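Participant: Given next are the chains, with one letter for each unit.
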Amino acid sequence: MSDGEVVIQFEGVTKKFGEHVILSNLNFEIYKNKITTILGFSGAGKSTLLKLILGLSLPSEGTIKVLGQDLAHLENLALREFRRNFGMVFQYAALFDAMTAYKNVEFPLKEFTELRPSERDHKVRHLLTSVGIDEFGMRKLPSELSGGMRKRVGLARALALSPAIMLYDEPTTGLDPITSKMVNDLIVDTAEAHKDRGLTSVIISHDIKATLKISDFIAFLDRGRIVEYLPAKDFVNSDHPLVQEFVHL
Amino acid sequence: MSMSKSHSQHPWIYRAIFDMGSSILHILRGLGKIYLFASHFFYWVWRPPYRLRLVFEQLFFIGNKSVFIIVLSGAFTGMVMAYQTYFGFKLINVDTLVGPVVAISLAKELAPVLSGLIVAGRAGAAMAAQIGTMKVTEQIDALEVMGINSFQYLAAPRIIAGTLALPMLSIIFLFVGCTGAYIVGTKALLIDEAIFYSKLGEFMYLEDLLQGTIKAFFFGFLISLIGTYFGFEVTEGAEGVGRGTNQAVVWGMICVLVLDYFLTSFLIRIL
Chain A
46 MSDGEVVIQF EGVTKKFGEH VILSNLNFEI YKNKITTILG FSGAGKSTLL
96 KLILGLSLPS EGTIKVLGQD LAHLENLALR EFRRNFGMVF QYAALFDAMT
146 AYKNVEFPLK EFTELRPSER DHKVRHLLTS VGIDEFGMRK LPSELSGGMR
196 KRVGLARALA LSPAIMLYDE PTTGLDPITS KMVNDLIVDT AEAHKDRGLT
246 SVIISHDIKA TLKISDFIAF LDRGRIVEYL PAKDFVNSDH PLVQEFVHL
Chain B
7 MSMSKSHSQH PWIYRAIFDM GSSILHILRG LGKIYLFASH FFYWVWRPPY
57 RLRLVFEQLF FIGNKSVFII VLSGAFTGMV MAYQTYFGFK LINVDTLVGP
107 VVAISLAKEL APVLSGLIVA GRAGAAMAAQ IGTMKVTEQI DALEVMGINS
157 FQYLAAPRII AGTLALPMLS IIFLFVGCTG AYIVGTKALL IDEAIFYSKL
207 GEFMYLEDLL QGTIKAFFFG FLISLIGTYF GFEVTEGAEG VGRGTNQAVV
257 WGMICVLVLD YFLTSFLIRI L
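These protein sequence lines map, in sequence, to chains A and B.
Going letter by letter, the first sequence gives residues 46 to 294 in my numbering.
Going letter by letter, the second sequence gives residues 7 to 277 in my numbering.
Bound conformation, chain A alone (with noise of 0.2 Å):
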């Protein structure tokens, strides 16, 4: 399968620990200002995949290549530099919970980029109001949002360096389906929004639905195996039982 510029490379990738297998000889490659999911059931080992991807974690055989680097040849401070191309939402939004949202997303800006004070309060109402939030969500802390809000003002923080790549873990897990449609609706919006400069998504996901709405790729994981690899079109009619079942979960 070849569908333009190539931006994460797995070749031959296992990860291990100790004995137990979590991911094996992974071969596979995700495309520029694509989105693309990682689907897959409850300890598949799609969250190993995600920190293999960040170079928080080395594979165990294999190589994986991120914009061309090998993440293993990298030192720890290139890497950590290095991790500044990746932008991520996590799980339940990971906001520093004594910061408000406003400092949430002046947090990476203050910490790497040497803009002025008016630049900076520029981009960060800009940030935030491009994810809904209004002059009155930026002053409260995390505690203070609902999840919803939480995850868009994860998502401004996540894009406050314009990340080459966009990662998002399981971005709609505990939400009700209004707010789940939200945040998938602000994930695909992202992708067009940043297109222009390459924008390439990853998504961790278990929700079937949601993946075929917003996806270009979908890759299915299974006990540490790339079972199916489809453009998302494709994948409702593939003829693998697994994703059959999943689909029709």
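Since the hints were derived computationally from the structure, they do not count as laboratory data.
If you're wondering where the values come from, they're calculated on a predicted model, not measured in any experiment.
Do not rely on the hints blindly, as some may be mistaken.
Once the Cα atoms are required to be at most 20 Å apart in a straight line, the calculated EDC-like pairs of lysine to aspartate or glutamate come out as [unchecked claim]:
1) A/110 x A/56
2) A/96 x A/214
3) A/185 x A/166
4) A/110 x A/126
5) A/96 x B/63
6) A/96 x B/144
7) A/148 x B/242
8) A/148 x B/63
9) A/96 x B/242
10) A/155 x B/147
11) A/148 x B/144
12) A/155 x B/63
13) A/96 x B/147
14) A/79 x A/290
Given chain A's structure and the hints, the job is docking chain B onto it.
Facilitator: Below, chain B alone, put in the same frame as chain A:
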């Protein structure tokens, strides 16, 4: 064959030995991990970015916010000690030595140790709870994904601040404790003020103050190291945070008392 027979005859002995061995291994593993954690600190503390603002924030939290309880504890410790020593010393007619005895006890032992125990209970627990909560809510992962070294960002400023704050708190404890002893000694027990001062000057040396301050410096380092270590070790949600906080307090206090013995036996020879 005989082994298995003996095994079945005394299963509780083998179980006890096994449990004891497991506990020892668990403690050794924990000590090894704390040693590695401390090595991380000495590695990262010299490397940029230097987050002075975070150090000052932590100094405010560990230092300023502990002042009230330190003053309260110091005052009552000094006053109680003045009473206790006075009635003992009066029996042998050396009640004028109440001032120096209380001051030396506070300077060398009570001020650093009690300040250490208070800070372990207050700030050590808070460190473990804050970092532990950040861990279970993926805030530490968020820092790492941004490319920020979570150890350098969260642990290093707390350890530096703890190491600097405790000697200052110990000195405040000593000062307030001596003031309490002075008030009780001269106003309630009617020791002559001039004698109280002169005896204090006669028997108390700068080395006594130095010994306590050096101890407090090490206690501060150890308490904040243990507090942050147990924070990073937290797993399994809210229950894990509670367990981590509890362990930080218990081990922080035990380490203060054990280290006090070794520091005393060392400092008493060189000072």
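Participant: Please go over all the hints and tell whether each is borne out by the structure.
Facilitator: Hint check results:
1. With a C-alpha separation of about 8 Å, the suggested pair residue 110 of chain A and residue 56 of chain A falls inside the 20 Å cut-off, and the hint holds.
2. Proximity of residue 96 of chain A to residue 214 of chain A is assessed by CA-CA distance (about 11 Å); at most 20 Å being required, the pair is judged to hold.
3. In summary, the hint linking residue 185 of chain A to residue 166 of chain A is supported, as the alpha carbons are separated by about 16 Å, within the 20 Å threshold.
4. A distance of roughly 16 Å separates the Cα atoms of residue 110 of chain A and residue 126 of chain A; the hinted pair therefore holds under the 20 Å criterion.
5. With a CA separation close to 32 Å, the supplied pair residue 96 of chain A and residue 63 of chain B exceeds the 20 Å bound.
6. With a C-alpha separation of about 13 Å, the suggested pairing of residue 96 of chain A with residue 144 of chain B holds against the 20 Å cut-off.
7. Under the criterion of a C-alpha separation no larger than 20 Å, the hint pairing residue 148 of chain A with residue 242 of chain B is inconsistent with the structure, at around 28 Å.
8. In summary, the hint linking residue 148 of chain A to residue 63 of chain B is supported, as the alpha carbons are separated by about 16 Å, within the 20 Å threshold.
9. At most 20 Å may separate the alpha-carbon atoms for a hinted pair to count; residue 96 of chain A and residue 242 of chain B meet this at roughly 19 Å.
10. For the given pair, residue 155 of chain A sits about 18 Å from residue 147 of chain B by alpha-carbon distance, which is consistent with the 20 Å threshold.
11. Restraint check for residue 148 of chain A and residue 144 of chain B: satisfied, since their Cα atoms lie roughly 17 Å apart, inside the 20 Å limit.
12. For the suggested pair residue 155 of chain A and residue 63 of chain B, the alpha carbons sit about 17 Å apart, so the restraint of at most 20 Å is met.
13. As the CA atoms of residue 96 of chain A and residue 147 of chain B are separated by approximately 10 Å, the hinted pair is consistent with the 20 Å bound.
14. Straight-line distance between C-alpha atoms of residue 79 of chain A and residue 290 of chain A comes to about 26 Å, which puts the hinted pair past the 20 Å bound.
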